[in-house]
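Protein chains in written order, with the UniProt record's numbering: chain A, 1 to 405; chain B, 1 to 437.
FYI, nobody ran anything at the bench for these hints, they're computed from the structure.
All figures in this text were calculated on a predicted structure; none of them were measured in a lab.
Hints may be right or wrong, so weigh each one.
Here are the computed lysine-lysine pairs in the DSS-like style, where the Cα-Cα straight-line distance is at most 30 Å [what the hints assert, rightly or not]:
1) Lys128/A - Lys421/B
2) Lys191/A - Lys421/B
3) Lys359/B - Lys191/A
4) Lys220/B - Lys191/A
5) Lys192/B - Lys191/A
6) Lys192/B - Lys217/B
7) Lys191/A - Lys221/B
8) Lys191/A - Lys395/B
9) Lys120/A - Lys192/B
10) Lys329/A - Lys120/A
11) Lys128/A - Lys217/B
12) Lys220/B - Lys128/A
13) Lys217/B - Lys123/A
14) Lys421/B - Lys329/A
15) Lys175/B - Lys191/A
Here are some of the chain A residues that sit facing chain B, going by a computed Cβ distance under 8 Å [what the hints assert, rightly or not]:
16) Thr137
17) Ala151
18) Asn173
19) Leu182
20) Pro222
21) Gly223
22) Glu246
In this text, a Cβ means the ideal position worked out from N, Cα and C, and glycines have one as well.
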Amino acid sequence: MAALFQAPTAFSSSNSLDSNKFNHSPSPRSLSERKSSILTVRSDARSNPLLNSAAHKPHRFITNAVATKPDTSLASTSSKPGHELLLFEALREGLEEEMERDPRVCVMGEDVGHYGGSYKVTKGLATKFGDLRVLDTPIAENSFTGMGIGAAMTGLRPIIEGMNMGFLLLAFNQISNNCGMLHYTSGGQFKIPVVIRGPGGVGRQLGAEHSQRLESYFQSIPGIQMVACSTPYNAKGLMKAAIRSENPVILFEHVLLYNLKDRIPDEEYVLSLEEAEMVRPGEHVTILTYSRMRYHVMQAAKTLVNKGYDPEVIDIRSLKPFDLHTIGKSVKKTHRVLIVEECMRTGGIGASLTAAITENFNDDLDAPIVCLSSQDVPTPYAGTLEEWTVVQPAQIVTAVEQLCQ
Amino acid sequence: MWKSNTIFNHFKSTLNFSLLSSRRFASTIAQNPSTFNSIPHANQVIDFPGGTVKFIPEMRFISESSQERIPCYRVLDDDGQPLANNFVQVSEDVAVRMYNNMVTLQIMDTIFYEVQRQGRISFYATTIGEEAINIASAAALTMDDVIFPQYREPGPLLWRGFTLQEIANQCFSNKYDNGKGRQMPIHYGSNKHNYFTVASTVATQIPHAVGAAYSIKMDKKDACSITYFGDGGSSEGDFHAALNFAAVMEAPVIFLCRNNGWAISTPTSDQFRSDGVVVKGQAYGVCSIRVDGNDALAIYSAVQAAREMAINEERPVLIEALTYRVGHHSTSDDSTKYRPTNEIEWWRLARDPVARFRKWIERNGWWNDMAESELRNSLRQELLHSIQVAENLEKPPIADIFNDVYDVPPSSLREQEQWVKDTVKNHPLDYPENISA
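Given the sequences, and given the hints that come with them, work out the whole structure.
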């Protein structure tokens, strides 16, 4: 049983985007005008044969010890277990649960407190936990990131929110020179268990400065881990895992995915930070992707299946380090790799992934790796131009056809 | 649909004073906006966020500097005589211990500088001329106060019990260095002593200190955080944002600026045009004081008072200590190239903080020449011994290149570690003997 794809009727696009985002909302546009619509993936949370068939260890439970709440509701309640929510609510749920569980967890960032966060991820938390634990900061990214690092070194577990990932470029000094390094240079004496999170990626006409893909720039920093969420399920699981990790973790969210609706389990779960997610098993080609591009790939997959192809789609989720175990198994099966990313061609995640796969699995490849990325240009504002800088499903279909010749 | 009135509504809602007045900190309660005076000729005022503001019909620019420079607090004159009797008394034990540590710092710096010149360590930076700031500030704090140094403050470590052997181990990067050989010399760090590892980056520690103060405030501990930086460091963006944050958050942090006149070759006249660093406090809503940095008792009193204010009143304090960097910026610098030798000599001899303090304790009958020579000799011996031991110890193992990057090394790093070990094993002649795998 493959996951069902529905046209986004339940997903109210423009309206909820407007009400939830701050000043850079998109111009009104009906969904049919847009080629790249965002899909709502609905999967039955109970049994997911996709996972079982891939002989993948169950990704619901993490490998290190985590106390889960006793399973009370599952047996007795209605036929559909779990509850529905939007991705930003899933992030908030994960955050709230961790803040309840551990009093050292705190949030800092611009407008996270009473305003509830620009994307409403921290809405209501300041009222619940007090505004010392959900701290509004002045506009100085480098400094509040530094503050978070200092707080972490003295025992707190801060979550630092960048209103947009692009703003964290201002925090690069603290992230690279201090966050990534101080555990190492202090000889292991000081830990920095921070989570740095925020929305990035190309949105709807947000302009070049608000369309950055920071995973490219951060991937080289030693000492940090990077993960990208793409569904409400993995958003909550990765948020919780990131908070519990002793290492600094950067959690990449996407501006356009916050209003994805899905059903997630009621019981507590934490995902592994280093595991990729098998989205659709297949035989012909391995398509590696993450974040928003997952949805473009799945839309292309629909077309490909109609044309008789059987693509295997993996959401790599862990951007640093790569889950070469899952990726390698897939490569050994299909012998062809297509990487679909939103990063720029030069120096992006795709470039690193290409190198890693070539180095490790060269003998298993029947064809050179193909990497579809954005061009090396700043993201233009005009809607049509912007669309052409992002990889579209049609290009993915063509690439697979060429790869499988 | 995004309409223009939505922007207006959003803006209006942020101007909603009830939203602002529900703030946690009582000091920022905003006023009711409806009390506009309607009397045309009398003094008109406006209730604005932060308080009432008077209107005036004259256009008055605030001058960029005040008539007089902010005066500097000192207790002892250049000859070690108290100027007044109203200073915080220091007991004989504390005073002698302070003096011992200042001398230790002085000798340690002199010898390690020579060791670098002999090529036995790669780098060193001295604290000559700033011993009073280093030791007296530490003496006024407790062990629970967390320290965020720049790199010219090993004094607090010495005060808190870090041994000369540990100093030597760090400078020689041997296997007993608690930084595991990962940082340059003088980049000490010890969580046991609540002294955070030095990073070479300038001023990045200042927001760290604010974050630590935030953590302390959440835990309601009887402690504060303190951070040191130089006149040059006060130009970095991190300084300004950190002061701003600390004021807004009402965080218990002491900002101690060692204004020593030089940032490598940049004199303060090229660094800022304000009256030093002390006046910047008011710009951010932080109370501040200017202190004679070469007067141990003045530093002691000021830091002690600042600590009380920071903890009891939950507020940040800025202390500008005026001093002079007698040594070069580091062993990679020759400061005679950009400043006159007689200026250096004058500060080294006439304004030596160690000699000045010595005069005071001798006058109190707590010290004498014999004690002095005994101290200096035994310190020299202890240092030379520590250096010899440190120099001959093994360096850290190859595994320490890859540990502590993360809590647990991922497979990629383990692979890289294996590759290095294999390379060393296969080409033993290309690698030093005292590397253990």
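Hint check results:
| no. | hint | result |
| --- | --- | --- |
| 1 | Lys128/A - Lys421/B | violated, 53 Å |
| 2 | Lys191/A - Lys421/B | holds, 27 Å |
| 3 | Lys359/B - Lys191/A | violated, 44 Å |
| 4 | Lys220/B - Lys191/A | holds, 21 Å |
| 5 | Lys192/B - Lys191/A | holds, 14 Å |
| 6 | Lys192/B - Lys217/B | holds, 21 Å |
| 7 | Lys191/A - Lys221/B | holds, 20 Å |
| 8 | Lys191/A - Lys395/B | holds, 24 Å |
| 9 | Lys120/A - Lys192/B | violated, 40 Å |
| 10 | Lys329/A - Lys120/A | violated, 38 Å |
| 11 | Lys128/A - Lys217/B | holds, 19 Å |
| 12 | Lys220/B - Lys128/A | holds, 20 Å |
| 13 | Lys217/B - Lys123/A | holds, 24 Å |
| 14 | Lys421/B - Lys329/A | holds, 28 Å |
| 15 | Lys175/B - Lys191/A | holds, 21 Å |
| 16 | Thr137 | holds, 7 Å |
| 17 | Ala151 | holds, 4 Å |
| 18 | Asn173 | holds, 7 Å |
| 19 | Leu182 | holds, 6 Å |
| 20 | Pro222 | holds, 5 Å |
| 21 | Gly223 | holds, 5 Å |
| 22 | Glu246 | holds, 4 Å |
Checked against the numbered hints listed earlier, the structure breaks hints 1, 3, 9, 10; every other hint is satisfied.
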